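Colleague: Chains Z and V, in that order, give the protein sequences.
Heads up, the first sequence is in full-length UniProt numbering, so the first residue is 1 and it goes up one at a time.
Heads up, the second sequence is in full-length UniProt numbering, so the first residue is 1 and it goes up one at a time.
To be clear, the hints were calculated from the coordinates, so they are not data collected in a lab.
Every value quoted in this text rests on a predicted model; they were computed, and no experiment measured them.
C-beta atoms are modelled at their ideal positions from N, C-alpha and C, and glycine is treated no differently.
One or more of the hints may lead you astray.
As the list claims (entries may be wrong) - Once the Cα atoms are required to be at most 20 angstroms apart in a straight line, the calculated DMTMM-like pairs of lysine to aspartate or glutamate come out as:
id, chain 1, residue 1, chain 2, residue 2
1, V, Lys335, V, Glu378
2, V, Lys771, Z, Glu37
3, V, Lys823, V, Asp846
4, V, Lys823, Z, Asp62
5, Z, Lys72, Z, Asp54
6, V, Lys380, V, Glu297
7, V, Lys294, Z, Asp134
8, Z, Lys64, Z, Glu132
9, Z, Lys42, V, Glu980
10, V, Lys335, V, Glu377
11, V, Lys771, V, Asp309
12, V, Lys771, Z, Glu130
13, V, Lys837, V, Glu854
14, V, Lys650, V, Glu377
15, V, Lys626, Z, Glu37
16, V, Lys771, Z, Asp54
17, V, Lys669, V, Asp846
18, V, Lys771, Z, Glu132
Said to hold, decoys possible - Far from chain V, some chain Z residues (derived; all Cβ distances over 10 angstroms):
id, residue
19, Met59
20, Gly93
21, Leu104
22, Gly112
23, Pro131
24, Asp134
25, Thr135
Here are the chains, one letter per residue:
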Amino acid sequence: MNEQELGLGRCGSFRVHNMAENREPRGAVETELDPVEYTLRKRLPHRLPRRPNDIYVNMKTDFKAQLTRCQKLLDGGARGQNACTEIYIHGLGLAINRAINIALQLQAGSFGSLQVAANTSTVELVDELEPETDTREPLTRIRNNSAIHIRVFRVTPK
Amino acid sequence: MRHAARSPRTSRLDGLSQNLVILTWGTLASSHRVSAEMSNAKERKHAKKMRNQPTNVTLSSGFVADRGVKHRNGGGKPFQAQKEPHSGTSRQRQTRTAHHALAESDANEQSSSRVTFKKKGGWKAGPEGTSQEIPKYITASTFAQARAAEISAMLKAVTQKSSNSLVFQTLPRHMRRRAMSHNVKRLPRRLREIAQKEAEKAVHQKKEHSKNKCHKARRCHINRMLEFNRRQRKNIWLETHIWHAKRFHMVKMWGYCLGERPTVKSHRACYRAMTSRCLLQDLSYYCCLELKGKEEEILRALSPMCSGDTGLTFAAVHYLSGKCQGSLLLYRANKYPRETLGPVTFIWKSERTPGDTSESRQLWIWLHPTLKQDILEEIKAVCQCVEPTGSAVCIPDPLLTPSQEKSQTELPEEKIGRKRKRKDDRENAKPVKKIVGDGTRDPLQPYSWISPATGIIISDLTMEMNRFRLIGPLSHSILTEALKAASVHTEGEDAEKTPHRWWAEACKNPDSVSLHHRQEAVFELLGGVTSPAEVAAGTVLGLTVGDPRINLPQKRSKTLPNPEKCQDNEKVTQLLLEGVPVECSHSFLWNQDICKSVTENKISDQIYRGARVGGLKEAVMHSQYKRSPNVPGDFPDCPAGILFAEEQAKNLLEKYKRRPPAKRPNYVKLGTLAPFCCPWEQLTRDWESRVQAREESSAASSPGGGEMGPTGDVVPGALMPGRTRQLSGEAGTSLNDAEVMDTDCPARAGPEWATSRGATSSLFCVLRSRKLLRQLSAWCGDRRVARLGPGRGQQELSREVCLSVLDCFPRALVWVRLSLLRKGSPEPHTMICIPAKEDLLQLSCDRLYRGPQESKHCDPFKSKIRKQKEKEKTEKRQNRGSATSESLADGDPAAGPHALTLGLWSGPLPAVTSHCSRVLLGFVTRGDFSMAVGCGEALGFVSLTGLLDMLSSQPGGQRGLVLLRPPASLQYRFARVTVEV
Numbered sequence: 001m002n003e004q005e006l007g008l009g010r011c012g013s014f015r016v017h018n019m020a021e022n023r024e025p026r027g028a029v030e031t032e033l034d035p036v037e038y039t040l041r042k043r044l045p046h047r048l049p050r051r052p053n054d055i056y057v058n059m060k061t062d063f064k065a066q067l068t069r070c071q072k073l074l075d076g077g078a079r080g081q082n083a084c085t086e087i088y089i090h091g092l093g094l095a096i097n098r099a100i101n102i103a104l105q106l107q108a109g110s111f112g113s114l115q116v117a118a119n120t121s122t123v124e125l126v127d128e129l130e131p132e133t134d135t136r137e138p139l140t141r142i143r144n145n146s147a148i149h150i151r152v153f154r155v156t157p158k
Numbered sequence: 001m002r003h004a005a006r007s008p009r010t011s012r013l014d015g016l017s018q019n020l021v022i023l024t025w026g027t028l029a030s031s032h033r034v035s036a037e038m039s040n041a042k043e044r045k046h047a048k049k050m051r052n053q054p055t056n057v058t059l060s061s062g063f064v065a066d067r068g069v070k071h072r073n074g075g076g077k078p079f080q081a082q083k084e085p086h087s088g089t090s091r092q093r094q095t096r097t098a099h100h101a102l103a104e105s106d107a108n109e110q111s112s113s114r115v116t117f118k119k120k121g122g123w124k125a126g127p128e129g130t131s132q133e134i135p136k137y138i139t140a141s142t143f144a145q146a147r148a149a150e151i152s153a154m155l156k157a158v159t160q161k162s163s164n165s166l167v168f169q170t171l172p173r174h175m176r177r178r179a180m181s182h183n184v185k186r187l188p189r190r191l192r193e194i195a196q197k198e199a200e201k202a203v204h205q206k207k208e209h210s211k212n213k214c215h216k217a218r219r220c221h222i223n224r225m226l227e228f229n230r231r232q233r234k235n236i237w238l239e240t241h242i243w244h245a246k247r248f249h250m251v252k253m254w255g256y257c258l259g260e261r262p263t264v265k266s267h268r269a270c271y272r273a274m275t276s277r278c279l280l281q282d283l284s285y286y287c288c289l290e291l292k293g294k295e296e297e298i299l300r301a302l303s304p305m306c307s308g309d310t311g312l313t314f315a316a317v318h319y320l321s322g323k324c325q326g327s328l329l330l331y332r333a334n335k336y337p338r339e340t341l342g343p344v345t346f347i348w349k350s351e352r353t354p355g356d357t358s359e360s361r362q363l364w365i366w367l368h369p370t371l372k373q374d375i376l377e378e379i380k381a382v383c384q385c386v387e388p389t390g391s392a393v394c395i396p397d398p399l400l401t402p403s404q405e406k407s408q409t410e411l412p413e414e415k416i417g418r419k420r421k422r423k424d425d426r427e428n429a430k431p432v433k434k435i436v437g438d439g440t441r442d443p444l445q446p447y448s449w450i451s452p453a454t455g456i457i458i459s460d461l462t463m464e465m466n467r468f469r470l471i472g473p474l475s476h477s478i479l480t481e482a483l484k485a486a487s488v489h490t491e492g493e494d495a496e497k498t499p500h501r502w503w504a505e506a507c508k509n510p511d512s513v514s515l516h517h518r519q520e521a522v523f524e525l526l527g528g529v530t531s532p533a534e535v536a537a538g539t540v541l542g543l544t545v546g547d548p549r550i551n552l553p554q555k556r557s558k559t560l561p562n563p564e565k566c567q568d569n570e571k572v573t574q575l576l577l578e579g580v581p582v583e584c585s586h587s588f589l590w591n592q593d594i595c596k597s598v599t600e601n602k603i604s605d606q607i608y609r610g611a612r613v614g615g616l617k618e619a620v621m622h623s624q625y626k627r628s629p630n631v632p633g634d635f636p637d638c639p640a641g642i643l644f645a646e647e648q649a650k651n652l653l654e655k656y657k658r659r660p661p662a663k664r665p666n667y668v669k670l671g672t673l674a675p676f677c678c679p680w681e682q683l684t685r686d687w688e689s690r691v692q693a694r695e696e697s698s699a700a701s702s703p704g705g706g707e708m709g710p711t712g713d714v715v716p717g718a719l720m721p722g723r724t725r726q727l728s729g730e731a732g733t734s735l736n737d738a739e740v741m742d743t744d745c746p747a748r749a750g751p752e753w754a755t756s757r758g759a760t761s762s763l764f765c766v767l768r769s770r771k772l773l774r775q776l777s778a779w780c781g782d783r784r785v786a787r788l789g790p791g792r793g794q795q796e797l798s799r800e801v802c803l804s805v806l807d808c809f810p811r812a813l814v815w816v817r818l819s820l821l822r823k824g825s826p827e828p829h830t831m832i833c834i835p836a837k838e839d840l841l842q843l844s845c846d847r848l849y850r851g852p853q854e855s856k857h858c859d860p861f862k863s864k865i866r867k868q869k870e871k872e873k874t875e876k877r878q879n880r881g882s883a884t885s886e887s888l889a890d891g892d893p894a895a896g897p898h899a900l901t902l903g904l905w906s907g908p909l910p911a912v913t914s915h916c917s918r919v920l921l922g923f924v925t926r927g928d929f930s931m932a933v934g935c936g937e938a939l940g941f942v943s944l945t946g947l948l949d950m951l952s953s954q955p956g957g958q959r960g961l962v963l964l965r966p967p968a969s970l971q972y973r974f975a976r977v978t979v980e981v
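All chains, please: the whole structure from these sequences, using the hints.
Modeller: And the structure:
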C-alpha cells in the first residue's frame, strides 16, 4: 500500500489543518550549531480545536487500535446512531504512511461503500534551542514538515 | 488480658447462657474440690480449651479457669451492670465463699438437670461420679421459685439490648425507614419507647456550644475571623482554605493546611483534566524570597550556590532580562556536587521599567516550604545579610484594592500556566487577616535583612503572594475567559478616594497605558494558542486585570477553545517565535504593596469555566508524568529529603505494625532488607567496595588487567559477569554465616558500621551534571542520543571512561526512569536489580518471559522472637503463680527495649547489594501504573557505580535492562532504564 494507490489528486472541499498529534520525526537537521552550547527542544505543533470526527494518527498508539477507532466512528453505535458520514484522518511526518495505511484499510474493509480523498499540506514546526551556557540567548527556528489529511466518506449506493 | 475485649455479638449470647447455667451451680462446689487435684498440665490444657467458651461455663473447672473468668468479666459488659435479686445465684458464683442461700438449698435438686447442661456448654471436665445420685425428693415451692427466678432473668436478658447499636440500627433492612433516628414514629410501635430513651440520651451527649455567643453572633464576620485566626495558629490556611476544606481531604503539612486529594473519586478525572482539559492547583504555600540590590552584587553572592554544570544559573541572559522564569538547584556555597539544598524557581524583575531608572534589581526566588529554612540561612550567609530591618522596607498601606496583579507563566513542555497575585497581609489590617508569614517562621522574628557590605536586602515574602498552577491544554482558554484586562481609567473619575488609586495613577502615564494595551493584546492572543506547549517555557507576562467577580458566569460551563481566535495566524506565530516582549513582562503592581485577596472568587470563577482542582496527590502524579523529581521526597541528598524519608519510614512502620503478623508480609523471608526506607548510603558504599574488591582481585589475577580497557566494552563485558557472580556468591555465603550465627552478627558489624556512618554521613550525592547525564543516557540505549553520539563528541562506554567518571563521583546516585516491558506496576521502595546472564538469555529465547523468582529466604529472627515470647510466658506464669494481680498489672513485657518485629530485619543491615539472588542496583522512589504510557512506570535512583558496571557487562541489544522487585513480592520483572537529563 503506497501513496500511488491513493488518489492524491482527487480532493474535495477540504479544510486544511496544519497540525498533527504525533511528534515530528527525530533526527532533525542540526546544522552548524554547537551541540555543546545548545540543546534542541521541539515544541508541539500548533493545533486547532478538533471536531469529533478528526483523527490524528500517531506512531505511539497501536496501529490496530487506531484503525478500530476510525471504524467505530464510521459505524456509530449498536444501531448505527451517531455514525459519521465522513471522518478526517491527519498524519504528520512519519505518521503520514500510517495515516494512508489506515485510510486504505478502512476502504478495503468497507466493500466499496467508503471513498477516500486526500490532501497534503505543509506544517510549520517550531524548534527551540535552549542554551547550555549562561551567556547565550535561546533561539527558535522554523522547520517545515509535510502532513496529510485524508477524508474518508460514505458514498450512497446507486 | 487478651480475653478482655470480645465482640458485642458474642456478649449477648453470654448473657443468655449465663442465666441458663445457673442450674449447674450445685455441682460446682463439689467439682471444684476434685479439680483442685488435677495435674498442672491438664489444668493448663483445660484452660486453653475453655478460652472461647461462655464465661460462666468455664467457671466450673477449678481455680485456673476461674481466674480467667474474673479477668474476662472485668471488661464491663452491659449485662454485668444489671443487678437483680434473682440472678444473684449466677452473679455470685465467682466468689465461692459467698453462696446464695437459695442456690445452696437447690443444690441437690439441680444436680438432676446438670447433665444436660453439661453437654450444652461443651463442658466435659466434670468430675465423674461425684453427683450421680438422683434426688430423693423435690420441694415444689422452692423448685418453682427457683425456676421462676431463672425465667425472669432470662426474659430480662432477652429484652435488654447488649450491643452498642441504636434500636433502629438493629432492625432488619426491610423495616428500616428514612430518617428513623430523627423521627421516632417511623419505628415500629414496640420499639418506640426504647428509641425515645436513646434519642434523649443522644441529645444530652451532644456537644454544648459556647453559651456566651448565639448563633448569629458566631456567624458575625468579626467573630468568625477571630475564630478562623485562632484555628490557624499552628497550621496556616491558604486563602482558598475554606473552599478547599469543603471539597478536599485536608492534611497538615509543612506548617500549612493543605488539600491532599479531592473527596470525590477523581484520580482518573484529574488525569483527564491534565491531559485534555485543565487542572488547577493552589500553590500558594510555596515560599517567596525577595532579593533587592545591585545586579552584580546579587549575582556574585549567589554564584557559589549554583553550578553551571547542572544547567543555567541566575546569570543566564534571558532570565536576567526578566522575560523568563528559571529553575535551578541550589547547593551550599562552594560545596557542589555535595550538600544539595534543593530546587528553586526564580524570576528577575524586568529591567526596563517606565519611570524607574535606579540600578537596583529585584529577584524573586520561589521554593518549597520544607527547603526554606536551609536556603534562607544560606542565602543570608552568602549575602552577608545579618541586620534585620524590621518593617522599614514594607510600609503598610491600609488601602484594600479589589484588583490584582497577575503575571503568568507558561511552561510549554509541562503544560503549566501560572498565575500569581499579590495580596495584602500586613499586620495593620485589623480583623481581616493577622497572619504574617507561614508556619515555618516565628511572627516575632524579622522577615527582612540587609547587608551593610553589599547593600542587598533580603525579605521573606511568604504568604504574600498567591500562586496557582493551571495544567492542561485548555488552561489558556480558561485564563482568557476568566480574566479580563482592567479598563483604563479616564480622567473624569475621581481617583483619589477609590482604592484603585495606584491604577488611576498608572493610567495617567501614557507610556504605561500603551504598555497595558500591548499586554492586553498579547493576552488576547494567548486565547488563540490551544496548547500552552506552543509557547516558550517559563514565559512571564504581566497583566493588570479587572475584578473577575464582575464577569462571573451565571452557570457553570465548559470553556471550549474558540476557533475564530485561532485564525490570527501571523501574530500567533510571531508570539511563538519571539516569546512575549520584554517590556510586557513588567507589571504595574510590582512596586506597589496594595491588593486584596479575592482568591476564593478567583478559584470558583475558574471552576465555573470548567477547570478541575487538584490537591497534593495530583501534584505528585503530575510530576511523575513529567518524570521530574518531586519536592521533597525525591531529593535524598538534601536535608528536607532526608527528613521526609525518615518520617515516611516511621509512618509505614506504624502502619505495618498495626496488622497482625499473619496478615502482613514477612519481609525477612521475602529478602527485603529495607521495605520502608531506601538505604542510599549503604548502597553506594557497598557498590564502591564491590568494585574496589574486584579491581584488586583482577589486578592480582591478571597483571594485564589495565590493558584490556582500550579494547572496548566487549572485553570487560565478557570478563566481569563471572566475577560478579563469584563475588556475589562469596557475599552470599558470608551472609549465610551471618544468618546462622546471627547473635554475634550485629556485634561484629556494629563498630565498623558506626564509624563508617559517622565518617561518610551524606557523602553520597546525586549526579546532576547535564553533560554526564547525557552521556549516561546515551549509554543506556536511548537511540536518539546514541545515534547523534559519535558526532557530538560522545565517548564509547569503556573501562577507562567509567573509571574517570567514578573518580569524580565515587558515590553517586542517578535519577532514572524505568518502564516495565510487560506486566507489573511498581510501588515505592521497589528494588532495582541487575539481571543475571541466564535471565537475559531466557528473555531472548522467550519474549513473554516474566522474569525470575527470588527463592524464599529463611527468617533467623522468627525463632528468636519465639524464644523471647516463651521466656516471657514462663515468666508470666511464675508471676501468676506467686501473685495473680501483679502479672496483670505489668502488662505486656514484649515492648522491651529491643522489640523484634516479626517480618522485619532488625539490627544493622547486612550487605544490601548481595542479599538476594540478583545484585541490587537501586530503589524506586515513585512508581505506579502510568495512564500516560499504559504500562507500569517508575522513577528512582540507582548507584552510578552499579549502573556503569551493569551497562559495561550487558551486550548491546539488551543494554539497559534491569529487574524490578516490589518489597512484598518474590517475582522479578523486566524493565528498561532511561536516564532523564
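Colleague: So, for every hint listed, does it hold in this structure?
Modeller: Against the structure, the hints:
1. Lys335(V) x Glu378(V): Status holds; Cα separation ~12 angstroms.
2. Lys771(V) x Glu37(Z): holds (11 angstroms)
3. Lys823(V) x Asp846(V): OK: Lys823(V) and Asp846(V) at ~15 angstroms, within 20 angstroms.
4. Lys823(V) x Asp62(Z): holds (17 angstroms)
5. Lys72(Z) x Asp54(Z): Holds. Lys72(Z) to Asp54(Z) sits at ~13 angstroms (cutoff 20 angstroms).
6. Lys380(V) x Glu297(V): The given pair, whose Cα atoms are some 13 angstroms apart, holds under the 20 angstroms limit.
7. Lys294(V) x Asp134(Z): The hint holds at about 19 angstroms.
8. Lys64(Z) x Glu132(Z): violated (41 angstroms)
9. Lys42(Z) x Glu980(V): Given that 20 angstroms is the threshold and the Cα spacing comes to 17 angstroms, the pair holds.
10. Lys335(V) x Glu377(V): holds (15 angstroms)
11. Lys771(V) x Asp309(V): holds (7 angstroms)
12. Lys771(V) x Glu130(Z): holds (14 angstroms)
13. Lys837(V) x Glu854(V): holds (15 angstroms)
14. Lys650(V) x Glu377(V): violated (28 angstroms)
15. Lys626(V) x Glu37(Z): This hinted pair is violated, its Cα atoms lying about 24 angstroms apart.
16. Lys771(V) x Asp54(Z): Violated - the C-alpha atoms of Asp54(Z) and Lys771(V) are around 42 angstroms apart, more than 20 angstroms.
17. Lys669(V) x Asp846(V): violated (29 angstroms)
18. Lys771(V) x Glu132(Z): holds (10 angstroms)
19. Met59: holds (14 angstroms)
20. Gly93: Given a closest Cβ separation of 15 angstroms, the condition holds.
21. Leu104: holds (27 angstroms)
22. Gly112: Non-interface label on Gly112(Z) holds, nearest chain V Cβ at 34 angstroms vs cutoff 10 angstroms.
23. Pro131: At about 7 angstroms from chain V, Pro131(Z) fails to clear the 10 angstroms cut-off, so the statement is violated.
24. Asp134: violated (4 angstroms)
25. Thr135: At roughly 6 angstroms from the nearest Cβ of chain V, Thr135(Z) sits no farther out than 10 angstroms, so the non-interface label is violated.
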